[in-house]
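The listed protein sequences derive, respectively, from chains A and B. In terms of the working numbering, the first sequence has 34 at position 34, counting the first letter as 1, and numbering is strictly consecutive. Every number in the working numbering is 1000 more than the matching position in the second sequence, counting from 1.
Just so you know, not all the hints are guaranteed correct.
What the hints assert, rightly or not - Calculated pairs, PhoX-like style, for lysine-lysine (alpha carbon to alpha carbon, straight line, at most 25 Å): (1) B/K1100 / B/K1071; (2) A/K252 / A/K271; (3) B/K1033 / B/K1097; (4) B/K1033 / A/K55; (5) A/K118 / B/K1118; (6) A/K252 / B/K1033; (7) A/K155 / A/K77; (8) A/K77 / A/K150; (9) B/K1033 / A/K77; (10) A/K192 / A/K55; (11) B/K1033 / B/K1100; (12) B/K1071 / B/K1056; (13) A/K268 / A/K77; (14) B/K1056 / B/K1118; (15) A/K99 / B/K1118; (16) B/K1068 / B/K1056; (17) A/K119 / A/K155; (18) B/K1143 / B/K1118; (19) A/K55 / A/K155; (20) B/K1097 / A/K268; (21) A/K118 / A/K77; (22) A/K273 / A/K155; (23) A/K150 / A/K271; (24) A/K99 / B/K1097; (25) B/K1056 / A/K252; (26) A/K192 / B/K1033; (27) A/K99 / B/K1100; (28) B/K1118 / A/K150; (29) B/K1118 / A/K155; (30) B/K1097 / B/K1068; (31) B/K1100 / B/K1068; (32) A/K119 / B/K1118; (33) A/K252 / A/K268; (34) A/K77 / B/K1056; (35) A/K150 / A/K118; (36) B/K1071 / B/K1143.
Claimed, not checked - Examples of chain B residues lying across from chain A (beta carbon under 10 Å, computed): (37) F1020; (38) H1036; (39) Y1037; (40) R1038.
If you are wondering where the hints come from, they were derived from the structure by calculation, not from laboratory data. Note that the coordinates shown come from a computational prediction; the quantities given were computed from them, not determined experimentally. Each residue gets a CB set at the ideal place from its N, CA and C atoms; glycine is no exception.
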Amino acid sequence: MSENFAQRSAVKSQGPGFAGASPYRVKNMTRRSVLRNLAGIAGGILAMPAAQVCKAAVQNGLASSNAPAGYDPTRHKWLMALDVDRCIGCGMCVEACQKENGVPQDCFRTWIERYVIKKPGPESGNARGETVVDSPDGGKEGFPALPVPKAEVLKSFFVPKLCNLCDHSPCTQVCPVGATFDAPDGAVLVDKNYCIGCGFCIQACPYGCRFFNPVTHTADKCTLCYHRITRGLKPACVEICPSQARIFGDLKHPVADDPLQRFIANNKVEKLKESLGTGPQVAYAGLDEVVR
Amino acid sequence: MPPQIVRLVLLTIVIVCLYFTARHFFVPQSFGKYGHYRGAAIEEIRAREPLWAGRKECETCHSEVVEKLAKADHQGISCETCHSPARGHVEDPDVVKLPKMNAAMCARCHEASPSRPKWLHQITVADHYPGSCTECHTPHQPKL
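Please model the entire structure based on the sequences and the hints provided.
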């Protein structure tokens, strides 16, 4: 077999075009093969516009957008801060978020937790007793009577929760298809057209800020009301909060006497679960040590 | 070179070429614009229309009410907090009317609770007054 192959090659290389054995001669090159190759290259070049059209058609089929143009995410840095002492637990923010974003029942992009710290037992030797946390329906309808008798309460307060806008977000790192990402402006977003609904990100978030949307069958989370903030509006929860417990701003474009800058400068702000190394950005003021 | 090896090499080249061709067609143009994701997703996410109109929209027509509110204790509260989403009303003010306040709205924030901060004015609704809140208070200027 290999002998045959060698013979064939030998015969071809002795064709009429290659009588003089030049050291630069290319093996097996004939006029026919050169013309055929040139025709192939020309055909390829001619086919490129058609290929571009095909590519555009394929990608339009995969996804399309009708967003108003003119937003550059690299020129903004959004951030929310929360003033725990201002939260009155009315639940208006949760309701506003659900209406604005069409969040399904029993799913929450933001929610309110009620912390109740009990008095320590007699002779327990502790400064404070057990901590009870509840969040009935995310606090959407407000809160019912305390879960413990009033006489046993040492301290009680509300804590609003939402996506912590991590710098090293674990949720985006585990996505197998590149469907969730840290946008350059600080928001952590989900590309619904590419999410396969595997749920890895929901498990990866140490703050429980993500959920599986039963309608779209994708991961879902707080977008900081991306469609609002990119139009110059505040997120729905910030707009509706009656007690200014939520402060929102753009760190790259502070307004005159910027409320967010002022809040962060004048308060001792903390982040949630900073020890996990996720780089949470959402700043809390007035946080009790039991809050996680 | 033995022909079976040649065929194998050719087959490998064909498969690699097919891979790159498919990749060329299926990877979105905006992929990698900002990072390892589809840049166009940002445009798609912001395409939705907002529902809550915002206080500035209210001010364009109801500036006298907003001015009155600015002098009262409820100055920091957005109109829509009590009056529900105004997008429809902004687009078609003659057809879409927004509901007025009701007593349940007052109690939602002002019902006394040990969890609520001390600065907030709180009442136990059951002990406070049996009638309607608006008999004594006006929501835009709540102080008596």
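Taking the hints in turn, this is what the structure says about them:
For the hint linking B/K1100 to B/K1071, the alpha-carbon distance of about 20 Å falls within 25 Å, and the restraint holds. Among the hinted pairs, A/K252 with A/K271 is consistent with the structure: their alpha-carbon atoms are about 20 Å apart, no more than 25 Å. Pair hint B/K1033 plus B/K1097 does not hold up; C-alpha atoms about 44 Å apart against a cutoff of 25 Å. As the CA atoms of B/K1033 and A/K55 are separated by approximately 18 Å, the hinted pair is consistent with the 25 Å bound.
The straight-line distance between the Cα atoms of A/K118 and B/K1118 is roughly 18 Å, inside the 25 Å bound, and the hint therefore holds. Only pairs whose Cα atoms come within 25 Å are accepted, and A/K252 paired with B/K1033 is accepted, the gap being roughly 21 Å. With a C-alpha separation of about 36 Å, the suggested pair A/K155 and A/K77 falls outside the 25 Å cut-off, and the hint is violated. Of the supplied pair hints, the one linking A/K77 and A/K150 is violated, its CA atoms being roughly 43 Å apart against a limit of 25 Å.
As the CA atoms of B/K1033 and A/K77 are separated by approximately 18 Å, the hinted pair is consistent with the 25 Å bound. At most 25 Å may separate the alpha-carbon atoms for a hinted pair to count; A/K192 and A/K55 meet this at roughly 21 Å. The suggested pairing of B/K1033 with B/K1100 is violated, with an alpha-carbon distance near 48 Å, which exceeds 25 Å. Proximity of B/K1071 to B/K1056 is assessed by CA-CA distance (about 17 Å); at most 25 Å being required, the pair is judged to hold.
Taking the CA atoms of A/K268 and A/K77, the gap is about 21 Å. The hint holds against a cut of 25 Å. With a C-alpha separation of about 30 Å, the suggested pair B/K1056 and B/K1118 falls outside the 25 Å cut-off, and the hint is violated. With a C-alpha separation of about 30 Å, the suggested pairing of A/K99 with B/K1118 is violated against the 25 Å cut-off. Our distance criterion of 25 Å between C-alpha atoms is met by B/K1068 and B/K1056, whose separation comes to about 15 Å.
Proposed proximity of A/K119 and A/K155 is supported: the alpha carbons are some 8 Å apart, at most 25 Å. Among the hinted pairs, B/K1143 with B/K1118 is consistent with the structure: their alpha-carbon atoms are about 18 Å apart, no more than 25 Å. The suggested pairing of A/K55 with A/K155 is violated, with an alpha-carbon distance near 62 Å, which exceeds 25 Å. Our distance criterion of 25 Å between C-alpha atoms is broken by B/K1097 and A/K268, whose separation comes to about 44 Å.
Between the alpha carbons of A/K118 and A/K77 the distance comes to roughly 40 Å, so the proposed pair goes past 25 Å and is violated. Taking the CA atoms of A/K273 and A/K155, the gap is about 22 Å. The hint holds against a cut of 25 Å. Taken as a hint, the A/K150 and A/K271 pair is broken in the structure, with Cα atoms around 30 Å apart against an allowance of 25 Å. Of the supplied pair hints, the one linking A/K99 and B/K1097 holds, its CA atoms being roughly 18 Å apart against a limit of 25 Å.
In summary, the hint linking B/K1056 to A/K252 is supported, as the alpha carbons are separated by about 22 Å, within the 25 Å threshold. A threshold of 25 Å between alpha carbons decides the hint, and for A/K192 with B/K1033 the separation of about 18 Å falls inside it, so the pair holds. With a CA separation close to 19 Å, the supplied pair A/K99 and B/K1100 stays within the 25 Å bound. Between B/K1118 and A/K150 the CA atoms are separated by roughly 16 Å; this keeps the pair inside 25 Å, and the hint holds.
With a C-alpha separation of about 12 Å, the suggested pairing of B/K1118 with A/K155 holds against the 25 Å cut-off. The straight-line distance between the Cα atoms of B/K1097 and B/K1068 is roughly 21 Å, inside the 25 Å bound, and the hint therefore holds. In summary, the hint linking B/K1100 to B/K1068 is supported, as the alpha carbons are separated by about 17 Å, within the 25 Å threshold. Distance hint between A/K119 and B/K1118 is fulfilled; the C-alpha atoms sit about 19 Å from each other, no more than 25 Å.
At roughly 22 Å between alpha-carbon atoms, A/K252 and A/K268 fall within 25 Å of each other, so this suggested pair holds. With a C-alpha separation of about 23 Å, the suggested pair A/K77 and B/K1056 falls inside the 25 Å cut-off, and the hint holds. A hinted pair counts as satisfied when its Cα atoms are at most 25 Å apart, and A/K150 with A/K118 qualifies at roughly 9 Å. As the CA atoms of B/K1071 and B/K1143 are separated by approximately 11 Å, the hinted pair is consistent with the 25 Å bound.
For B/F1020, the interface hint is violated, since its Cβ never comes within 10 Å of a Cβ in chain A; the closest pair sits about 13 Å apart. Proximity of B/H1036 to chain A holds as hinted, the smallest CB-CB distance being about 5 Å (cut-off 10 Å). Because the closest C-beta pair between B/Y1037 and chain A is about 4 Å apart, less than 10 Å, the hint holds. With a cut of 10 Å, the hint placing B/R1038 at the interface with chain A holds, because the nearest CB-to-CB distance is about 6 Å.
Hint violations for this structure: numbers 3, 7, 8, 11, 14, 15, 19, 20, 21, 23 and 37, all remaining hints satisfied.
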